[in-house]
Amino acid sequence: MRRTKIVATIGPASREPHVLEELIRAGMNVARLNFSHGTHALHAENIARIRAAAMHVGRPVAILADLQGPKLRVGQLPDEGLPLEEGETVVLTPFPDRVQSPHKVIPVQYEDLPRAVEPGDRILLDDGMLELRVLACDEETVTAEVVIGGVLKSRKGLNLPRTTLNISAITEKDRKDLLFVLEQQVDWVALSFVRTADEVYELKEIIRRSSPFGRPVPVIAKIEKPEALENLDAIIEAADGVMVARGDLAIETSSEVVPLVQKDIIRRCNRVGKPVITATQMLESMIQNPRPTRAEASDVANAILDGTDAVMLSAETAAGKYPVQAVEMMARIAREAENVLLREGPRYYGHTTHKGRYAIAEAVAHATVSTAVELGATAIITPTMSGSTARQVAKYRPPQVIVATTPNPNIQRQLVLFWGVYPLLSRRTENTDEMIHNAVNIALEGGFVQEGDIVVLTAGTAESPPGSTDLMKVQYIRRVLVRGQGIGNQVVTGRVRRLESPVDPHLIVDASDIIVTSKTDRSFIDVAQRAAGLISEQEGMNAHSAILAIELGLPAVVGAKDATKILQDGQIVTIDARQGVVYEGD
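Just so you know, we're using our numbering here: the sequence shown kicks off at 14 and counts up by one.
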């Protein structure tokens, strides 16, 4: 069972309903929508299609809205592009209509460009494929020499390495896009070109004020600026997750430092339990080819061995020839790499800096993973309202699958991003015992565990504050002996006492006995009042057995087929009247 999650970007190559369903079956956990491209109408249609496909396939899929941020771009150029030759002089300007020049003019969508650079600075175009060196600046233009030439197309990216820009991380376009995605109830929002933690907090405050449904949407901070590396710990603390956006990061710094920066970011996120996505050019050759290069396969595997929660596909699925095959390949590489991780065992970290209930939650999560490993448990089950419990457990990378049960479908979708977490919908419960019982049954129904397995549960108790984790329990999943119609809302354990009509009213029966019979009649009334519970083969809520149990307030299972053949005198069994089942043992 794959633990690493796959983020796939949706675009022209993947937006058709049948392709979306194939992507989900292939392993897509998160669908990314890139707001650098497309209209709101197009994105709304994509969101509806993604949700319909997820429902049809029967798997939760999160939607990640990736805001464009202050991405600098060149303006409109001829359809065939603008050829730039090495050594040639060009002029860049935000005011192309006002500039007369004997040199080629490159329009740019950044009015402060002439004031942001100075002679000697580098300007990179088209993700670094073309390079210019600044020669001179005036009020409206930048004159530059072409260092690396090529053909420049419209709206290609413009980067100013190691230049600090006086521009907000949240643009006016981002604000409009944010209001749209909040209306659409997306599950995650990514903020591009983050430089400081304050920018993350600013976005969260806008979400808090603007969310039409009053719920917070978690924020992923994209690390792609040198300033972000200087403020990394504060940004990680402020954000709900992090993306290592290696494309612009390599352009803004240098390609040779990116592998080490990637490892450092992943390690820091792992320590504090924040999900981290590794992105950009992971299977780039699959845009055109049905198989990746060996270097790309190694890149994906090494990111997983480093500890990334998720790996991301961009143009491979948005515009490539083989979107489904790219996801399938990513999933296969992930499973192979995870075999190494699972053999290594959990990753434990040093003492936490958290205090109060957060320190308690982390200690309980640590103990949960340790206990699960020591006992060889099949799964760790985490009933959760906020997702906090599952997140705390996932940071340790346990070999057990983490089954997170939640009554909130929004939290369910958010949790699909976390390493090793399989979120399942549950019903709301009134107390801790009911919560645990419900979670185990959901894990059973989902096929994650089976009768006879040992599981470790961790959660916040009903009395604890929201987001707290203060409970750990080891549970043996008992074998179900018989099933039927439950009467009552209790769970009782006792010794089987097989009786048939007529019953001697003076027969010694006490509160440790559970009566098992093919059917009841009036002769059972006295002994039933003294028993712990009733199991009857007699079917129907209008039958004597059902009416007897209801009148006496006796926990019972009726319509229990072959109960008199399966259950033996003196055998210890447990009646769960809520579920209508009888378990072996206590």
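Please keep in mind that the hints were generated in silico from the structure rather than gathered at the bench.
Just so you know, not all the hints are guaranteed correct.
Below are the BS3-like pairs computed for lysine-lysine, each with C-alpha atoms no more than 25 Å apart in a straight line [to be verified]:
id: 1; residue 1: 276; residue 2: 169
id: 2; residue 1: 169; residue 2: 117
id: 3; residue 1: 166; residue 2: 117
id: 4; residue 1: 217; residue 2: 189
id: 5; residue 1: 486; residue 2: 532
id: 6; residue 1: 166; residue 2: 334
id: 7; residue 1: 166; residue 2: 84
id: 8; residue 1: 166; residue 2: 186
id: 9; residue 1: 578; residue 2: 532
id: 10; residue 1: 169; residue 2: 186
id: 11; residue 1: 169; residue 2: 189
id: 12; residue 1: 84; residue 2: 117
id: 13; residue 1: 217; residue 2: 186
id: 14; residue 1: 189; residue 2: 84
id: 15; residue 1: 169; residue 2: 84
id: 16; residue 1: 84; residue 2: 217
id: 17; residue 1: 217; residue 2: 166
id: 18; residue 1: 287; residue 2: 276
id: 19; residue 1: 84; residue 2: 186
Results for each hint:
no.: 1; hint: 276 to 169; in the structure: 29 Å, violated
no.: 2; hint: 169 to 117; in the structure: 16 Å, holds
no.: 3; hint: 166 to 117; in the structure: 14 Å, holds
no.: 4; hint: 217 to 189; in the structure: 15 Å, holds
no.: 5; hint: 486 to 532; in the structure: 38 Å, violated
no.: 6; hint: 166 to 334; in the structure: 22 Å, holds
no.: 7; hint: 166 to 84; in the structure: 16 Å, holds
no.: 8; hint: 166 to 186; in the structure: 22 Å, holds
no.: 9; hint: 578 to 532; in the structure: 13 Å, holds
no.: 10; hint: 169 to 186; in the structure: 18 Å, holds
no.: 11; hint: 169 to 189; in the structure: 22 Å, holds
no.: 12; hint: 84 to 117; in the structure: 23 Å, holds
no.: 13; hint: 217 to 186; in the structure: 16 Å, holds
no.: 14; hint: 189 to 84; in the structure: 16 Å, holds
no.: 15; hint: 169 to 84; in the structure: 10 Å, holds
no.: 16; hint: 84 to 217; in the structure: 20 Å, holds
no.: 17; hint: 217 to 166; in the structure: 35 Å, violated
no.: 18; hint: 287 to 276; in the structure: 14 Å, holds
no.: 19; hint: 84 to 186; in the structure: 11 Å, holds
Hint compliance for this structure: hints 1, 5 and 17 are not met, and every other hint is.
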